[in-house]
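Given chain X, work out where chain C should sit, using these hints.
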Amino acid sequence: MESMKQFSSILEHINKEEGQTFAYDIKAIEEAFENKNKEKSNIAIKVLSVFGGFMAALAFLGFLFVLGIYDSASAMLVMGILFLAGAIALNKFFDRIIIDTFSISVYGIGLALIIFGMADMSMDEDVITLVVIGIAIISLLIAQTYMLSFLSVVTIAVGVMVLIFSNDSYNLLHAYVFVYTLALASCFLGEGWFLAVNKKLAKLYGPIRIGLIISLLMGLIALGKRDLVPEAHDYIWLSSLPIALCILYLVYDIIGVLGITQTRTKVLIYALSVAVLFPTILAPSIAGAILILLLGFRVNYKTGMVAGIIALVYFVSQYYYDLNFTLLTKSIILFCSGVAFLLFYLFISKKSNP
Amino acid sequence: MQKIGREDIQIIAKHSNWSNKGVSKALEDHVYHKAKDWHQFLKWLFLGLGISFAVAGVIFFFAYNWDDLHKFVKLGIIGFLTIACVLGALLTETKPPLKKMLVTAASILVGVLLAVFGQVYQTGANAYELFLNWTFFIALWVVIVHFAPLWTVFVTLVNVTIVLYSEQVAHRWSEVFLFTLLFWINTIILVVFILVGKWRESLYLPTWFTHLLALAAITCSTLGNVTGIFDAVDSSYYLLTMTTLLVYAAGIWYGLSHKSPFYLSIIAFSLIVISSAYLIRLSDDAGMFLLISLYIITAITLVIWALIKLHKKWNP
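Chains as they are written, first to last, in our numbering: chain X, 1 to 354; chain C, 355 to 670.
Incorrect hints may have been included.
[Unchecked claim] Taking lysine to aspartate or glutamate and the EDC-like style, the derived pairs with C-alpha atoms no more than 20 Å apart in a straight line are:
#1 LYS350/X - GLU382/C
#2 LYS200/X - GLU12/X
#3 LYS357/C - GLU12/X
#4 LYS46/X - GLU361/C
#5 LYS368/C - GLU34/X
#6 LYS663/C - ASP95/X
#7 LYS302/X - ASP391/C
#8 LYS375/C - GLU18/X
#9 LYS375/C - GLU12/X
#10 LYS203/X - GLU31/X
#11 LYS388/C - ASP253/X
#12 LYS36/X - ASP25/X
#13 LYS375/C - ASP95/X
#14 LYS302/X - GLU555/C
#15 LYS663/C - GLU31/X
#16 LYS666/C - GLU34/X
#17 LYS379/C - ASP391/C
#18 LYS663/C - GLU34/X
#19 LYS454/C - GLU555/C
These are computed hints drawn from the structure, not numbers from a lab.
Only chain X is shown next, with the shape it has when bound in the complex:
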């Protein structure tokens, strides 16, 4: 948007639609608009801060270890807590892009020191993981800045994964995928609700969205690479079910966007969707990648779309690589699916150019 003037005309318009009850804080909006122009982040800056933060944290941990801090568990714990508190406080009081690199590395160093400290005191692995998850939740609630919230969401997911693996409860991976699929779908499709209902949630929306994508992808990778967790493959359809249902719901939603009213076309679209989803019942990771791609396109979120495309290419290749068929059978399956997709293409081309 060009200027504040346009902003006021938009506010007037909303006022008309919302009626008497609409109230807004014009000063805060003006200020936020000014700030938005003053400090505009983009994907290059975010990637730079994450990589830089991690590299600096590694170097600093190297420094502490050369000094010999690993001799003292309590020193590691105390320093870890101080670093974490520092990172959270820093984010609480200065919400500026410029300090992102610094706070990411301080946060990372703090977490690492606390983990090493507790491990040094021979605490139980599960307890350590639960503490880490707890720290991540607390920082998510307090810090409320983009980078720290993003890291916290991913840390929570990594913690849950560690719990599943260290207790050999591999079938819980299906529960993991179930929860994260639903969370991701509601996060994408309920954007309006997130933004309107709660100010805190609205602020965390961006980092939660990208954090959830990465969290779901972690679960899908664990299931998608066959020899990674062979124990989870007996009930693999348990993970496919929620993903398939979400995709079908999305298809219903998209039919609405496309404005299709003919029952025959609708039935045909559902039948085609089921036909595409049916073979993925034993490959939830492929269906999951399709879900991420469709959700990303639905809400016009480029990073999500790119993540979906890369995941789709990877999971499809991994699936056929792992498949215990002869190359001939694989070739027939691939070729037939290819022809089926080309038929879909012709179907859509015909529909869109009558």
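Chain C alone, transformed into the frame defined by chain X:
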């Protein structure tokens, strides 16, 4: 209502009691994709999936190496499919992107044809020769069709050929020399594409392709420089350092004059990695690790600060 973006909606929603329904409607009307976009997206998605699955099916079929199939039949099938793709692109009345995709499929089938030929006649050649021939045979199509995905295939083939050649034939090449060579080649290709895009607007390729090339080039130079810092120094290392400085200077100039934060940030990041490696090479005691940690934070923060300032200058 005027056109508003996602961020504007977020700002207003944050500082007002805008209802859930109102926010959702604004997102649907101003941010989300419309029916027309969905048609385009689904069309390209299915076309891309269809062609890649079908070609993958063909590749797997010949990887199976079916003994009962006579060699002429094998070669004949691939030859026929290749010709069918090219004729389909030449003679049918389809849209240009579809034609370009057909030629891309044909270019990949040429590789399958060469592989099966090697398999049937046991030519016993080094694998690099297959890739070299493949690169040569499709070169003309690549230039004429001028399609970013096909160029991606071509540039990948060039890189793979060089890496295989260094592994199978040129045993004397040092790792640093290999990285130097790949850095030069990818940089030259990148510069050519940028110049060609300037010369004729119709020849302009999408930014994802030039960015991919730049990433490939900068990864090679970074890896080469870091390897050179830790390994015994050979003469190619000096060449690499000098060209790296030259190319990076040009890249920064290009990034500044074309308002592209992408080039500025990857070059800055590469320089920070290389200089940190150099610092570790100097000493690996505690003080140095502390210094590196502070150096990385300061350097990255300064880069981000500069990027934000530039963004403000470019978008007043």
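Hints, one by one, checked against the model:
1. Between LYS350/X and GLU382/C the CA atoms are separated by roughly 26 Å; this puts the pair beyond 20 Å, and the hint is violated.
2. This hinted pair does not check out: LYS200/X and GLU12/X have alpha carbons roughly 25 Å apart, beyond 20 Å.
3. Straight-line distance between C-alpha atoms of LYS357/C and GLU12/X comes to about 14 Å, which keeps the hinted pair within the 20 Å bound.
4. Proposed proximity of LYS46/X and GLU361/C is supported: the alpha carbons are some 17 Å apart, at most 20 Å.
5. For the hint linking LYS368/C to GLU34/X, the alpha-carbon distance of about 15 Å falls within 20 Å, and the restraint holds.
6. About 17 Å separates the Cα atoms of LYS663/C and ASP95/X, which keeps this hinted pair within 20 Å; it holds.
7. Restraint check for LYS302/X and ASP391/C: the C-alpha separation of about 14 Å stays at or below 20 Å, so the hint holds.
8. A hinted pair counts as satisfied when its Cα atoms are at most 20 Å apart, and LYS375/C with GLU18/X qualifies at roughly 9 Å.
9. With a CA separation close to 17 Å, the supplied pair LYS375/C and GLU12/X stays within the 20 Å bound.
10. Simply put, LYS203/X and GLU31/X have alpha-carbon atoms about 16 Å apart, close enough for the 20 Å limit, and the pair holds.
11. Our distance criterion of 20 Å between C-alpha atoms is met by LYS388/C and ASP253/X, whose separation comes to about 12 Å.
12. Annotation: proposed proximity of LYS36/X to ASP25/X holds, straight-line Cα distance about 16 Å (limit 20 Å).
13. For the hint linking LYS375/C to ASP95/X, the alpha-carbon distance of about 30 Å lies beyond 20 Å, and the restraint is violated.
14. At roughly 26 Å between alpha-carbon atoms, LYS302/X and GLU555/C are farther apart than 20 Å, so this suggested pair is violated.
15. Straight-line distance between C-alpha atoms of LYS663/C and GLU31/X comes to about 19 Å, which keeps the hinted pair within the 20 Å bound.
16. Distance restraint check for LYS666/C and GLU34/X: the Cα-Cα separation of roughly 11 Å lies within the 20 Å cut-off, and the hinted pair is therefore satisfied.
17. Note on LYS379/C and ASP391/C: the hinted pairing holds, with a Cα-Cα distance of about 18 Å set against a maximum of 20 Å.
18. Between LYS663/C and GLU34/X the alpha-carbon distance is near 14 Å, which keeps this suggested pair within the 20 Å criterion.
19. As the CA atoms of LYS454/C and GLU555/C are separated by approximately 18 Å, the hinted pair is consistent with the 20 Å bound.
Checked against the numbered hints above, the structure breaks hints 1, 2, 13, 14 and satisfies the rest.
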